[in-house]
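Novice: This is what each chain is made of:
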Amino acid sequence: MSHLRGQVEATIASFCFGVAPIFAKKGLMSGLHPFYGVLIANGTALVIMIVLALFSRQAWQWKSSQTYGLYTAILAGLCNSVAIITFYWAMSIGKVALVVPVTCIYPLFTMLVAYFFMREGEAFDRYTVIGTFLIVIGVILTI
Amino acid sequence: MDLSIFLSIVCAIAWGVQSIYLKKAMGSIPFQMAILITLTVNFLILILLIALGIGKGFSVFLTLPAPVYFYFWVAGLLNFVLGRGLYYSSFRFISVTQSTSISSTYPILSVAFAIIVLGEKLALHQWAGIGLTLFGVYLLMVKGKR
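Note that the protein sequences, when read in sequence, are chains W and C. Numbering of the first sequence is given in the working numbering, commencing with residue 1 and proceeding in unit increments. Numbering of the second sequence is given in the working numbering, commencing with residue 1001 and proceeding in unit increments.
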């Protein structure tokens, strides 16, 4: 059941990731620099998450959070910032038809890094490896 | 190598590695807190970049029309709150590789939207791409059930 929940959540996340750029594109059609758009979208989400945290137990769990978890979350944020900045930089100087397919290979890097650094927590078998490769190739072909 | 391709590869690596750090972080802190921290880091870096002179300064925000704000509010809600929230949450139930692969299939949804709603026609290689992606998702789902 929990596997199904994880799969459903990842699928709905995919839907949200697919629909969000439509609105972002509409906003960018005004000629706005992409960084301002990302800042508004990011700021909106930040305010919502702060409000949600204040009205849930999460705000209180902050004190008991482990330092390791905080550091790795900050590293994740830094990685995400690098990804956003390089993505928009690449989009501004290169062709969308080239940039988007190349960035779509990121599940391969996740799989590679997980294989070397998270082998204890990740179940690797031929289905996962072949499935990931097929998805990446399929997405690149479709774009 | 073309600079845009190099940047795209850096982007893919950063996105790929980000998931690993998140999964590790969520072993110690709640996933809502992980979202909050990553959003805060992103926000501060973007503020810093604009302060350093990228764009035309902060006064731009005063001149933006309301519809532009609306579009980015919706984009932020869909991408950063709902999308990321569910994506991070799924790490608790399936492996980070499976979650990242499944959530990366969103271009297929865009294509499906284009076919159903806009009536667009697809080339043969695009149909092949959809088939490969769906089969890849099927393999991950089969794996997930085991």
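Hints listed in this document are in silico derivations from the structure and should not be mistaken for laboratory results. Just so you know, even glycine gets a beta-carbon here, dropped at the ideal spot from N, CA and C. Mixed in with the good hints there might be a few duds.
[Said to hold, decoys possible] Below, simulated DSSO-like cross-link-like pairs (lysine-lysine); rule was C-alpha separation at most 30 Å, straight line:
hint: 1; chain 1: W; residue 1: K25; chain 2: C; residue 2: K1121
hint: 2; chain 1: W; residue 1: K25; chain 2: W; residue 2: K95
hint: 3; chain 1: W; residue 1: K95; chain 2: C; residue 2: K1121
hint: 4; chain 1: W; residue 1: K95; chain 2: C; residue 2: K1056
hint: 5; chain 1: W; residue 1: K25; chain 2: C; residue 2: K1056
hint: 6; chain 1: W; residue 1: K26; chain 2: W; residue 2: K95
hint: 7; chain 1: W; residue 1: K26; chain 2: C; residue 2: K1121
hint: 8; chain 1: W; residue 1: K26; chain 2: C; residue 2: K1056
[Unchecked claim] Label pairs and their computed distance ranges (CB to CB):
hint: 9; chain 1: W; residue 1: Q66; chain 2: C; residue 2: L1044; range: 17 to 27 Å
hint: 10; chain 1: W; residue 1: I22; chain 2: C; residue 2: W1127; range: 48 to 58 Å
hint: 11; chain 1: C; residue 1: S1059; chain 2: W; residue 2: I93; range: 44 to 54 Å
Novice: Assuming the hint says 17 to 27 Å, is it satisfied by the Cβ distance from Q66/W to L1044/C or not?
Specialist: 22 Å, holds
Novice: Are K25/W and K1121/C close enough, with their CA atoms no more than 30 Å apart?
Specialist: 22 Å, holds
Novice: When you check the alpha-carbon spacing of K25/W and K95/W, does it fall within 30 Å?
Specialist: Judged against 30 Å, a Cα distance of about 16 Å means the pair holds.
Novice: Would the pair K26/W and K1121/C pass a check requiring their Cα atoms to be no farther apart than 30 Å?
Specialist: 23 Å, holds
Novice: Holds or violated: K95/W and K1121/C, Cα atoms, limit 30 Å.
Specialist: It holds: about 23 Å lies between the C-alpha atoms, which stays within 30 Å.
Novice: Is K26/W close enough to K95/W, meaning Cα to Cα at most 30 Å?
Specialist: Judged against 30 Å, a Cα distance of about 19 Å means the pair holds.
Novice: Quickly compare the C-alpha distance for K25/W and K1056/C to 30 Å and report which way the hint goes.
Specialist: Distance of about 20 Å is within 30 Å: holds.
Novice: Would you mind confirming whether the straight-line C-alpha gap from K95/W to K1056/C stays at or under 30 Å?
Specialist: 24 Å, holds
Novice: Look at the Cβ atoms of I22/W and W1127/C and judge whether their distance stays inside 48 to 58 Å.
Specialist: Between I22/W and W1127/C, where Cβ atoms are some 23 Å apart, the hint is violated.
Novice: Holds or violated: K26/W with K1056/C, Cα cutoff 30 Å?
Specialist: 20 Å, holds
Novice: Is 44 to 54 Å right for how far apart the beta carbons of S1059/C and I93/W are?
Specialist: 26 Å, violated
Of the hints listed earlier, those the structure fails to meet are numbers 10 and 11, in rising order.
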